[in-house]
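Engineer: Can you build the whole structure from these sequences, using the hints too?
Chains as they are written, first to last, in the working numbering: chain A, 1 to 559; chain B, 1 to 559.
Check the hints yourself; a few may be wrong.
[Unchecked claim] Part of the chain A face toward chain B, derived, beta carbon under 8 Å: (1) Asp37; (2) Val56; (3) His266; (4) Tyr280; (5) Leu288; (6) Ile318; (7) His322; (8) Ile330; (9) Ala331; (10) Glu353.
[What the hints assert, rightly or not] Listed below are several chain A residues computed to face chain B (Cβ distance under 10 Å; list not exhaustive): (11) Thr45; (12) Glu100; (13) Lys259; (14) Phe263; (15) Ser267; (16) Arg321; (17) Asp350; (18) Met351; (19) Ser357; (20) Ile429; (21) Tyr430; (22) Leu439.
In case anyone wonders, no lab produced these hints; they're calculated from the structure. The beta-carbon is built from N, C-alpha and C at its ideal position, and this holds for glycine as well.
2 protein chains.
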Amino acid sequence: MTINSINGSFARMLSSTATQTAVATPLKVFYLSDTSDYSLVVSITLMVTLLCVCMVIGHLFEENRWVNESITALILGLFAGFIVLISTQGNNSHVLQFDEELFFIYLLPPIIFNAGFQVKKKQFFRNFVAIVLFGVIGVFISFGIIAAGSGLIFPLFNLEGLGIRDFLALGVIFSATDSVCTLQVLNQDETPLLYSLVFGEGVVNDATSVVLYRAVENLDLSEVDALAILQILGEFIYLFLTSTLLGIAVGLLSAYVIKKLYFGRHSTDREIAVMILMAYLSYILAELLYLSGILTVFFCGIVMSHYTWHNVTESSRITTRHTFATLSFIAETFIFLYVGMDALDKDKWDMTEVSISTSIGLCATLIALVLVGRAAFVIPLSAASNLARRGVGTEISFRQQIIIWWAGLMRGAVSMALAYKKFTANSAIYATMITCTILVVLFSTVVFGLLTKPLLRWLIHPHITDVLEPETPKVPRVSSGDMNISLLEDGEPAHHPNATSKDRVLDRSSSTVHHLWRKFDDSFMRPVFGGRGFVLPFHRSHNGEVQDSRSSDHFDHEG
Amino acid sequence: MTINSINGSFARMLSSTATQTAVATPLKVFYLSDTSDYSLVVSITLMVTLLCVCMVIGHLFEENRWVNESITALILGLFAGFIVLISTQGNNSHVLQFDEELFFIYLLPPIIFNAGFQVKKKQFFRNFVAIVLFGVIGVFISFGIIAAGSGLIFPLFNLEGLGIRDFLALGVIFSATDSVCTLQVLNQDETPLLYSLVFGEGVVNDATSVVLYRAVENLDLSEVDALAILQILGEFIYLFLTSTLLGIAVGLLSAYVIKKLYFGRHSTDREIAVMILMAYLSYILAELLYLSGILTVFFCGIVMSHYTWHNVTESSRITTRHTFATLSFIAETFIFLYVGMDALDKDKWDMTEVSISTSIGLCATLIALVLVGRAAFVIPLSAASNLARRGVGTEISFRQQIIIWWAGLMRGAVSMALAYKKFTANSAIYATMITCTILVVLFSTVVFGLLTKPLLRWLIHPHITDVLEPETPKVPRVSSGDMNISLLEDGEPAHHPNATSKDRVLDRSSSTVHHLWRKFDDSFMRPVFGGRGFVLPFHRSHNGEVQDSRSSDHFDHEG
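Structural biologist: Shown next as structure tokens:
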């Protein structure tokens with residue numbers, strides 16, 4: 001696939017419509033008179049209008065249990081793409097094609113940064129081991145099953161031209177959980193444990209996919225041995241550590257600079273600008289250094305919310321909190337609109353030579369493999385982590401395992417990007433692989449996405465104690481509290497007065513590491529990097545009003 | 001010039017550096033493995049890092065009277081461009097070229113919207129007639145002088161290949177005041193009258209330039225008569241009115257939708273997203289309809305600050321206010337960095353065939369014409385408006401005229417964009433015109449820009465009463481208060497206790513229209529579109545905290 005720019009792709013989008021309009025009107029546009037420029041204007045207008053419509057629809061259906069913004073956007077995008085296709089009489093061949101660059105450089109970073117910025121840190125670090133287990137071992141298992149399964153089943157459809165490397169690539173493509181979608185279907189406040197497990201897995205997942213994809217591309221298929229596998233594992237550990245460290249370093253730098261130079265003295269805008277720019281810098285630096293930008297920007301978000309955010313003025317705090325959330329929200333909606341419009345990539349559909357029934361068969365196979373591949377690691381890994389935690393009575397219940405399995409089934413823009421990347425060559429079979437990916441993405445997002453909320457309500461809400469208290473509440477041992485799975489929901493103890501004593505004991509069990517960290521944080525980190533309770537002197541801001549940065553912490557992160 | 005996309009141009013930027021790096025490292029980047037993609041990552045990293053450095057330098061030099069952020073950015077950009085040129089051994093031929101699209105579609109709208117959003121509306125509308133006078137008649141005068149002057153003087157340099165149409169284009173290019181720069185050198189709070197005059201002129205200026213450029217391009221040079229000139233005027237009036245109406249319509253729509261649907265009930269993020277998207281929509285719709293996007297988005301900003309902003313929740317108010325300011329701030333800094341880096345467009349410099357002395361001569365001529373052209377309308381038009389207002393004692397003093405003249409001398413990205421647009425063809429003389437434009441832009445921004453703050457201090461600050469009170473304080477007549485020039489500074493009456501009684505009388509003089517507007521606003525507009533004092537019921541926001549949108553108006557717009 002030729003990599004096109006954001007505008008390039010936009011400009012291509014609707015180019016025929018634009019030309020028609022430009023001819024119809026006698027006036028010449030001033031700055032943007034060239035056709036490519038004008039068609040860019042047309043497509044931006046279309047996208048912005050659709051985004052506004054999505055917001056309004058999303059607002060009106062807020063109370064609805066089935067619909068969420070992603071699905072609205074996806075369906076609206078499909079609809080708009082259809083209209084465009086009709087109105088250009090099917091001529092927009094190179095129109096509406098997925099653009100990796102737009103996705104990975106502009107849309108993904110704000111979403112992942114915001115996730116790190118707003119994540120409940122205590123919950124996340126308590127489940128850290130389980131998250132890494134799911135995100136690393138899980139992806140390897142799922143990859144193996146999907147690659148092997150497609151390798152065995154696809155030949156039955158009489159397909160030609162697919163090699164081992166292609167099946168391995170399919171394994172990677174369909175193992176990449178869509179973290180954006182997870183953010184939409186799970187609610188951090190309602191189901192914090194599930195959210196932190198599934199979303200955390202999605203983030204770690206990415207680093208694994210980086211390594212796997214790289215490994216598949218560079219693999220010498222003639223000699224695959226234990227050493228090669230160890231090398232992949234080693235590379236993963238390197239990637240994970242360096243990406244995380246880079247994110248932490250940039251986050252700490254921002255905290256230090258803002259605390260030391262005290263930007264708020266002159267202008268809150270500069271403070272906010274520095275936060276936004278440094279957040280983005282962490283992502284793009286990771287890409288520059290061939291690391292996983294997603295991991296980096298996620299940890300940068302965590303550090304920024306723990307230190308930097310507390311070093312700025314009160315109005316900057318409110319602003320950054322909402323700005324990051326809004327940018328992320330717009331980017332998410334944009335992605336789903338885009339994926340929807342993109343589904344009608346006429347070129348690829350024309351190029352495919354297989355029949356409709358074969359297409360459906362291939363997609364059904366892939367979806368089945370995705371279902372099996374995920375079940376194959378969620379259940380054993382949950383069992384493994386339950387085994388380790390049995391004494392403490394904090395198992396992941398079976399109902400919860402179902403939710404974890406289900407909520408990670410959606411495949412999204414990441415899969416699309418990988419498919420477009422892998423199946424570049426202009427062959428019929430590669431076009432088929434791309435159309436299959438599009439169908440699986442649409443199906444999984446719409447069907448699995450639509451069913452998640454009702455499933456959650458059905459499995460969890462009538463049994464809310466399942467989430468908030470372990471099913472088998474044995475007497476907890478107060479012991480070696482590593483960063484382990486804990487079903488303790490420190491967000492909502494007030495709802496369950498009878499759980500308080502148990503909570504307190506559980507709290508102690510996992511509090512050793514936390515306690516050590518707090519001590520380290522208070523004695524070494526906070527004096528240098530600020531953080532909650534950092535004392536900005538009373539000051540006069542740029543516009544003359546006295547601000548006290550210590551007052552009213554609207555937005556208290558825990559831990 | 002081939003219109004390149006934001007990424008296209010970024011990708012071209014530094015492409016040679018990027019390739020070298022990509023070869024040097026053994027790892028392959030994952031998502032962004034193609035060279036064009038990687039070079040995009042390199043250039044974004046460079047830009048974001050430079051932006052951060054600009055913020056820090058700007059912060060450190062905040063108290064300095066000479067430096068402002070534009071000049072820092074410009075010099076830093078020049079410096080960075082120089083480093084890139086050196087490090088690629090002068091190979092980056094198509095690197096660092098100005099991109100109209102990036103400028104007009106992404107960077108300009110937030111700046112102008114924010115200006116409208118934060119403008120002191122009372123002051124602006126009081127000076128409306130003078131602003132339109134400067135922005136329309138002024139540009140025509142300046143255009144005439146620069147076109148005629150260059151037409152007469154340039155042939156003396158033995159240049160060949162420039163026709164009448166080119167000289168007319170030069171007239172337009174160098175009549176376009178850079179409103180971005182004005183925002184940086186004048187302070188709305190310190191010198192509100194001057195700010196509203198010079199900045200307001202800059203905005204109206206754009207509409208005039210649209211018409212003039214279009215007229216020059218389409219002019220049948222064989223028969224220029226009074227009718228043609230009338231036609232240009234008619235088209236200007238049409239453009240001005242439709243652009244303004246579109247901006248007002250989109251602004252009112254946003255107010256109505258947000259008030260009616262009450263977005264804040266579910267999510268403040270959606271509220272903010274709708275405001276941002278609709279603001280941008282107004283700009284892009286204007287471009288779609290071949291209107292002046294700058295005028296439209298400016299008036300949309302005014303309407304949004306008057307109605308929409310008051311209909312949202314308290315935290316959305318704080319957020320939008322700061323977000324718009326920050327986005328505008330980042331865009332401004334980016335533009336100056338970009339213009340600085342762009343100055344080293346090696347291709348154009350290589351193509352120029354004139355000697356250095358001729359280049360300097362041409363630039364000096366243009367700068368002289370800019371100086372004369374602006375003086376030629378500021379002084380007569382100020383005199384004309386003084387004549388009309390003599391009885392009320394609200395003349396524009398001579399010192400103030402000097403500031404108005406000086407602060408509008410800077411030429412910026414708009415001139416660059418027009419020059420690149422006009423002088424597309426690959427000829428030596430056209431390349432010379434572009435390098436001249438670059439030099440004039442650099443010189444005017446750095447020299448005129450650097451001198452503005454000291455000049456202001458020298459002319460106005462020791463004589464602050466010149467601004468705040470008329471030089472010849474005659475007894476004011478209380479009369480037909482049209483939207484006219486008034487030196488009344490309603491922002492700072494407290495500083496001048498002896499001016500209060502005069503203020504009160506002057507206030508009455510211009511209050512008739514204002515009074516009528518308030519009456520109309522209160523009886524017809526506010527019941528539909530909300531606005532200050534709009535009563536949102538107490539409500540429970542998405543995250544469960546009770547918010548009262550009526551409390552504590554942090555950010556009160558007047559009027």
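Engineer: Of all the hints given earlier, name the ones this structure violates by number, lowest first.
Structural biologist: The structure breaks hints 9, 10, 13, 17, 18, 19, 20, 21, 22; every other hint is satisfied.
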